[in-house]
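Reassemble the complex: the two chains are provided individually, in unrelated frames, and hints are given to aid placement.
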Amino acid sequence: MSTDITLADIVVIAAAESFRGDGEIFASGMGTIPMLGARLARATFEPDLLVSDGEAFFVGNDLPLGGSDKVVEGWIPFRSVFDTVWSGRRHVMMGASQIDRFGNTNIANIGPWKQPKAQLLGVRGGPGNTISHATSFFIPKQSTKVFVEKVDMVSGLGYDRAAQLGDTVMRHHRLPRVITNLAVFDFETSTHTMRLLSVHPGVSVDDVVANTGFVLEIGSDVPISRAPNESELATLNRLDPRGLRHREVA
Amino acid sequence: MTTDKRTTLDSAVATLESGMTLGIGGWGSRRKPMSLVRALLRTDIKDLTVVSYGGPDVGLLCAAGRVKKLIYGFVSLDSIALEPHFRSARQNATVAECVEYDEGMLQWALYAGSLRLPFLPTRAGLGSGVVDVNPLLKTVVSPYADAEELLAVPAIRLDAAFVHLNRSDIRGNAQFLGPDLYFDDLFLGACEPGRRFLSCEKIVTTEQMLQEASFHTLRINRSMVDGVIESPNGAHFTLCTPDYERDEKFQAAYVKAASDTTEWEAFQNQFLSGTEADYQNAVAQWRKEIAS
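Chains as they are written, first to last, in the numbering used here: chain A, 1 to 250; chain B, 1 to 292.
No lab work stands behind these hints, which were simulated from the structure alone. Keep in mind it's a predicted model, so treat the numbers as computed, not measured. All C-beta atoms in this analysis are idealised placements derived from N, C-alpha and C, irrespective of residue type, glycine included. There could be a bad hint or two in this list.
[Unchecked claim] Under the rule of at most 25 Å between Cα atoms (straight-line distance), these lysine-lysine pairs were calculated in the DSS-like manner: (1) Lys-46(B) <-> Lys-68(B); (2) Lys-117(A) <-> Lys-141(A); (3) Lys-202(B) <-> Lys-114(A); (4) Lys-288(B) <-> Lys-249(B); (5) Lys-114(A) <-> Lys-46(B); (6) Lys-202(B) <-> Lys-117(A); (7) Lys-69(B) <-> Lys-117(A); (8) Lys-70(A) <-> Lys-114(A); (9) Lys-117(A) <-> Lys-150(A); (10) Lys-68(B) <-> Lys-138(B); (11) Lys-114(A) <-> Lys-138(B); (12) Lys-114(A) <-> Lys-69(B); (13) Lys-114(A) <-> Lys-150(A); (14) Lys-46(B) <-> Lys-69(B); (15) Lys-138(B) <-> Lys-69(B); (16) Lys-256(B) <-> Lys-117(A); (17) Lys-5(B) <-> Lys-202(B); (18) Lys-288(B) <-> Lys-256(B); (19) Lys-117(A) <-> Lys-145(A).
[Unchecked claim] Distance windows between CB atoms, simulated: (20) Ala-163(A) <-> Glu-289(B): 58 to 66 Å; (21) Glu-263(B) <-> Glu-55(A): 28 to 36 Å; (22) Gln-268(B) <-> Gly-166(A): 45 to 53 Å; (23) Asp-53(A) <-> Pro-193(B): 32 to 40 Å; (24) Arg-226(A) <-> Gln-268(B): 48 to 56 Å; (25) Asp-83(A) <-> Ile-80(B): 22 to 30 Å; (26) Pro-232(B) <-> Arg-226(A): 49 to 57 Å; (27) Gln-268(B) <-> Lys-70(A): 35 to 43 Å; (28) Ala-250(A) <-> Leu-210(B): 46 to 54 Å; (29) Asp-221(A) <-> Tyr-144(B): 45 to 53 Å.
So that you can see chain B by itself, here it is in the shape it has in the complex (with noise of 0.2 Å):
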């Protein structure tokens, strides 16, 4: 007997609600779940806490005004080395409460979410700016005879969470096929069982995984993802390798979209009007467009 998990992006985003914890998977520009991202920007859902080691996923909710708390280990579109969005969101203080971790500290909140851990202990973040800006930070001293002190990292527990991958069965037995998982595991692991969805490239059996890769690529298993959205292409325009290369031409235009007010209308009415169908359509059209 298998439990078929195959759902829409729409459906996905339509059990979220507004005010709860939402982890996103990646990093940067690379392998971001943006379809489910984009679903939810069609939703009215607002007052969101984001997790992030942000790219594009965080510009846009922040630019939309559905983030009320972010949590990030960064926010960089890697070869666009500030994200605009966020940075005006910084600037302009419109996010109304900021997190800003080492990125081995959102590991670690992560990772102690994902077993169930209050905290876990580290280095990184002490004597730093992160805990000048952060006075809710705690240390804690080791029991041993070293008697050190350590800052505990609170565990992050995540209300839903999304990543994209590039393969996965229907069951949700999902493998990646680049050079990084990145933290995506740690991401579904923190998250409470109900919404933790996974899209991937395309939905392939479970014996065509390891045709196509070894068995070290499979590192999500089917008890970490509730539902599957096969989505073609719904990284773009970050990086979702070896499916396809950051869309660096889109990503600038994105960029520079997003530096005036009109402009941002605009390409929100180009691309981000109607469905993820729609989307692909503008953007393939904008290709065309662009090359003639």
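Bound-form chain A, shown alone (with noise of 0.2 Å):
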């Protein structure tokens, strides 16, 4: 890896992977390194995605975050987000508190729901998407209080809660991505648990299982996430000048 290339390089990218092949759908990011990944899609592999503007728009030129000079090319206030979720036509990419070997997530609380030793979020709009669409997640930091056997709340549905549901619901439900600070996950194993896909330059598979609570699968030849090339560099650049990205993860 050459040394100007950062783990937050590294990690925007494994999010930009996660839209490969979406095609024309809303690919909506949640805080610095969702929706740069999102934007950084479109602006190289994945030209037809829709990205917003974390607002009430969607933004049609390849806009730096805390930019303002926008060309709007659609209004998505909440009420058409949620139509949107329903029809399954986005893929987001949302944080978790905690989250299972089958990707069930928690973003809601810490502790019983009744009266939670740590209120978070709340569920959000965390049940809608994972029943609806393509959701992938980022944690910046990888840890056993993270990766956990049992989440305390069910904000997002994992492939086992899905599979209760029926037909329908499982042609919906895809959880793409988990991208961490040490390594890349999927669920494309023939029980639907998690999978390390590759871990990050100079993290090792010891050191993901150390940081995981719950038994991963994992193949012989565990790969390097790859590195943007440096036109991709040039682009992130472009689309992340003040380099807020490097504040996420380190």
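Take a look at the structure:
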């Protein structure tokens, strides 16, 4: 790896890769790195994606983070967001405070829901997202507190819960990627349990296992997460001129 | 013949009673009818069921012990993710009953209420923690060939509704000028006639509304509104674009004060102990002090 490529760059590329092949849908990123991933994918290999300004508009140009010089190509107030979610024409990348081996996620609360030890965001749009369209996750600090055997509250459905709801739900439900500061994961196993897809440069498989609170599927030869090429890096620097991505992971 | 629906904040909230179900428009820390909420805090009304895409409206009502039941899609301050008073209310279990919905489910509950339907079906929420912690939620099976089992989100009907818009005429035809109506029309639609209160930045003539923006912004009509209150800066400290952005400094001060009992008492004395005019003056004074 060239020395001027950082962990944040690797992570943004992994985020962008999760949108590969999505075509003409709403690529929605919650937070700096997911948003950059969606914008980078659109600016490079997935040009038909729609991306938003995080407020109420689809942005037609390659808008840098924090930029205001936007070409508005559509209006997407919250009501239209919900319509788009339920229609399935969306792939969101969001956070998770806990995730289990089937991809059940929790952003709602830690401890019992009735009287939580820590009230977090609540379920927000997680139930509707995960039952309607592709949902990926970005987790800036992987640990056994986050990668857990059982989540305290299911805000996003994992594959086991989706399977119990029948064929229609299973057709819509998809968790393409989980990206952390250590590695990239998917659920493309026969049992739809989490699989280690690649480790970031300088991270060992043992590091990943030590920070995972459940049994991971691990192949015999785990590749290294890919770095951005020169042109991708140039685009990324244009989309994030102030380097906000470097504050998210280190 | 035109009906002049103008009223005052205090007259509006005086029509509410303890135990009622109140819906509050806006979204998180965006275009919240804060001056109506502040007026409500000046009354003795309690044991409310509050329905909201919550922000500081829910926070303030929880902190003041006015909420018996809370039905929410979330409670957040947007730029500050966690609402401190809501957080302590949940962690100390000071609100007797909480109903937590997926964001889209809450829209469906209000939409069903506004259409006088008993429920609306959706997949959102099925299989999630929302149904795990809410055994009262039922499902319904599609009567068609697919026979799919769907979540039946029960309708919410409101006894009172508060919303804050940018402009209104004296009859309650109202206009939003920002990027999003949120679900204000559904809060008004789900509410029994009589206590549907709309505050606004400015009351204008009916003709003036279309001089300022296109007809697409006229999403609230007078059949949905019982009382209109001109309340400049009434959404403060939440945003009310294009009239003003969120007062981030004040919001940060609110959050800081909420973290400590003594500081919160001081904050209440400084800002929430008088009329709406007193509040606005105290905010203006506070701005001068932090600027100097």
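- Can you list which hints this structure breaks, lowest number first? Numbers 3, 6, 8 - these are the hints that the structure violates, sorted from lowest upward.
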